[in-house]
Amino acid sequence: MTADTTPKARAPAEAGARRRSHPIAWLIWTRTALGVVTLFVVSILIFAATQLLPGNAATAVLGHNASASAVHTLELRLGLNKPALTQYWDWLSGVLRGRLGTSLANGQPVWTLVGPRLLNSLVLVALAGLIGTVLGVGLGMFAAIRRDKPADHALSVSTLAVTSLPEFVVAIFLVILFSTVLWHILPGVSPLESTSGAIEPWQDPTELVLPVAALVIVIVPYIFRMMRAATIEALESDYVEMARLNGLSPVRVLLRHALPNAIAPTIQVIGLNFLYLAGGIVLVEFVFDYPGIGQGLVNAVSDRDIPQIQFIVLVLAAFYVVMNIVTDVISLLATPRRRVAR
Amino acid sequence: MAAPPAQRAAGPRVRRREWLHVLAAAARTPRGITGAGLALLVVLVAAIGPFVAPHPPLAFVTVPGSGPSSKFPLGSDILGRDVLSRVLDGGWQLLLMAAAAMLIGVVLGTAAGIAAAQLRGWRDGLIMRTVDVVLAFPQLVFALLLVSILGPERWLLVIAVGFSHVPQVARVIRAAALDVSERDFVKAVEITGVRQSKLMSGEILPNLLTPLMVEAGLRLTYSIVIMTGLSFIGFGLQPPSPNWGYMINENRIILTTNPWAVVAPALLIAVLTVGLNTFTDAIARVALGIERGEKLIVEAAVTGAVTDIEIPA
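Note that the protein sequences, when read in sequence, are chains A and B.
Per numbering that gives the first Met the number 0, the first sequence runs over residues 0 to 341.
Per numbering that gives the first Met the number 0, the second sequence runs over residues 0 to 312.
Just chain B, same shape as in the assembly (with noise of 0.2 Å):
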């Protein structure tokens, strides 16, 4: 009985550096530095961007809809407004929005996984069967009845999308917790008879972290997916303030005059959702092979039904 706490006072150090292995193991890859350097990219384009904007984003300054011009590169939008000052200021807001969705759909799916598979029973069965309910919402549509019955407030926003995360995230979790649940260590753990809490914090959270380092990046990716949708078809951000996903709707119309107005914006997009899951993709190849590696980021990423999930011990 000495061994466990031994362990586990030695435990969370080399863990914690554990996760920083993978992430750096993980950017030696060819895949993990071209998406870490894509994404990196446009984070720093949005982080810069409205500091070095050459013109306020809100005001008129010239012809809408017109092209590029030696004073404004990339033209201007369908009020007359400078299009690369929006798209340098149209990013931060979305960035950061989305990622504090993640940081919700990710830790409150991650608690009710957990608590499925390691309290097994009729809690299990009503946490997943609340999660098929919720999962029968398409995404987009369960963040937009959200989005319009609580109101496009930001941190509003940031609930909803956080929310259409969750069930998602608690079946991979779910899954991946069933199999540790059931290792010797836990076992041994549990009869020295410790709370449930800390059995599922101090035992069985740590030995999740493949799972949780692709869940995280999975859901950062369709948490910025989500909310420039949504800020596209108007229920997101709102104007006048600058997004890439409005500007893309607003411009539309002037599209065979100036192009730029959105091309510019969804290529920013573009850029940034395929970066981030080019480097998640290269966070599963590293922790669990090519194969399985594969195989958990396309489960994972359509709707969460992990078929067998092995966490390496």
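With the rest of the complex left out, here is chain A (with noise of 0.2 Å):
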């Protein structure tokens, strides 16, 4: 692995496989590889941080006035006395075969409790992704062709003002505004069970609206400010100057000729702001009690819950590998000059 990662040797592989297959085929391959590889090492990283939690799993289960049998017998049916190495496989091996164990807070099997949350996180950040995608690249590309317009000024300085704004202020400030202190239009918590999870938040999609709406303007800034740099640049390049002087229209001229090329860097910025979602959530579930697994790792974490807290952690990692081979591929569609074979 390493050794196909330094640059003098990657070239010729690269070179080599170019030859025999599919770009895009071999960027997945070498992708996925590389991203089982990171898994591992998460993996590796997740179980020993856990295994450093001050107090083992025994005494938080039973607090500290336990007596020294029962943790004695709880450490036994945990498997706590094992060596750490036969305790990081039992758990590695169950995760693949999907036996997750069980929460040392509540007894219940992990993915009885983290399951309905995952797919809860998932609405939120799916939810928020696109909508802040398409207002990142509408208003990118509008303030462009208003460039040095009062309309663009006034674009780029509002987004330049919540740009870096901490996600829990701006879901505070949500709360403040539209459902506490000025207005009660909308809910500012999700009165729902949140442990078991049984009612799911699209029930009331107006649960929804403030999370959703935190998140968007969280990430909206960076997607804006790159698409309207992108388009500038395209639109100052001379191929779209050829274009327009072919007597294309202005519309045609942007949307066949400016927009394929600036939309290639700010996808890389699109991917890059789902897996900034994936941390998002936390802060924001937490504000607004969202049965999401960020609320859940928050949760997990003041019980030490090792069991939820090791699983949590692996799924964030593994979004955020999938989402770099996604990205990575997209981008590749997305940019006409890199993608052709052989």
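By construction, these hints were calculated from the structure, which means they are not laboratory data.
Because the structure is a prediction, the values reported are computed rather than measured.
The beta carbon of each residue, even a glycine, is placed where N, CA and C say it ideally should be.
Where hints are given, some of them may not hold.
To be verified - Chain A regions said to be covered by chain B (calculated; three or more residues, Cβ under 8 Å):
1. 41-50
2. 154-162
3. 228-240
4. 268-282
5. 315-328
To be verified - Listed below are several chain A residues computed to face chain B (Cβ distance under 7 Å; list not exhaustive):
6. 37
7. 179
8. 249
9. 251
10. 297
11. 300
With the hints as a guide, bring the two chains together.
Following this line, the structure appears as structure tokens:
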């Protein structure tokens, strides 16, 4: 793996592979292999980290006042007396076979607890990501066409002003504006059974509005700024000038000639923003009491519920690896001159 | 061969002024002056605040959750403590810790990034694959796990947040250092057979001024974001001593009776991060020009995957 990644070794290997297979297939292969290795190392790190949590799992469950014999019995049941390597192997092979263990906090299977949360978070991330992408790309193109006009200035200044605002501060301001102090038009918390996750948030879509809005506000500025800069760059290029001189309509010039070249760098930023969302949901779910994996992680860390922490962090890391591959493939597809096979 | 040593002797002094020049030029732009003004305002509140607070920040002085009055201009918090005094006292620790975490992240990340770019080969691969692994954790989750392992001590919190910056900084600095290490003057010095460590610190590092300044600004902003975020969910600075992050959380329940207990700390965090970010933006635009500065900022900010950085020679 290491030999493959050095610049010198990579060039001939890639050149050889290009001759054999389509570049996209090759990219998917190498990235997937690298992703599996990354996830493997991540799993070791997660396991090692949870081993280092102060107090072992048995005392975490029983409390510090538990008798030594009770702690010992539970240690035997949880396999804590085995060597760390054996424990790691038991955990990893369990996860790979879909056996995630049981929660230390309430004895329920981890999947029963985390599964519904996973779906809830996925809804949040997908909605925020889609809306943020459409808004960011659309506004970015609009501002680029209106470059240096009042609309562009207004958009640029307002996105600059919200860039890097902490997501929980945005969320709190939304709660103040729309659900408590000024108006009472939207629910500020999801009044759901957050532990069982029995009720899905989309049954009452108004509960999704503010969490999604908070995440959208945080990701739009980056997509907007990238799209605006890339569109301006494309509009100033020779081939767009050429298309214009050929008498094509401005709309056609923009959509057929400028957009395809402006979208490629933006796709990277969009992908990276989906990755950001994986971390962003933690605080936003906490603010809105939204029953997703972010809130689940905070609860699990408070309870020292090691099986839940391990699984949720592993899911977040896997999301990162998969999203990275997807982003690379899409941006390769969107860059015509890199797409040619052979 | 006489030229490089002479150049080096004159170099550092000029370069030391150079970053001040960039700062001054950035501060003269509309963005720069706005950003610096906003950030300095909050820094002043945090620095002078503890000395001018009208009440002790931990004292229970009035009815919990009461609104503003002449004696308590921002009302009282959930336990009946003076909100104004707690806001004035709740920033200095956060700011000092965020600055320290930024320093740790930028120093370690720069060292790793330059080493990866200059040493190449398997060491580059090793450093960057390690960075990839750490990046697979969302930054807040990484810091959260570290804090919960290390414990809630303040200096451990600084280390956890500082470490969480290292991968991003390393990626940006590596991209920039790769560009510099291909330049003729670096190659020329390399031929004279100086040690790699001297080459990295003497020739490459001084030429990374722009990305370093941008990184410092960005990581300071994100240190504050993560530090307050961790405190907000109860894993950062511990109560009862006030801090802006936890204040927002503990007073959420009394939003309807005294919103100021939440609005005041949230506004201070918002103004500070916006100010710092706007000033960093001004630095990048002054140093690289508007379009490329914008690109560097966005790419460095999101995960440090900088595509084509070009350091002005």
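Cross-check of the supplied hints:
no.: 1; hint: 41-50; in the structure: holds (count 3)
no.: 2; hint: 154-162; in the structure: holds (count 4)
no.: 3; hint: 228-240; in the structure: holds (count 3)
no.: 4; hint: 268-282; in the structure: holds (count 10)
no.: 5; hint: 315-328; in the structure: holds (count 4)
no.: 6; hint: 37; in the structure: 6 Å, holds
no.: 7; hint: 179; in the structure: 5 Å, holds
no.: 8; hint: 249; in the structure: 22 Å, violated
no.: 9; hint: 251; in the structure: 25 Å, violated
no.: 10; hint: 297; in the structure: 5 Å, holds
no.: 11; hint: 300; in the structure: 5 Å, holds
This entry does not satisfy hints 8 and 9, going by the numbered hints stated previously.
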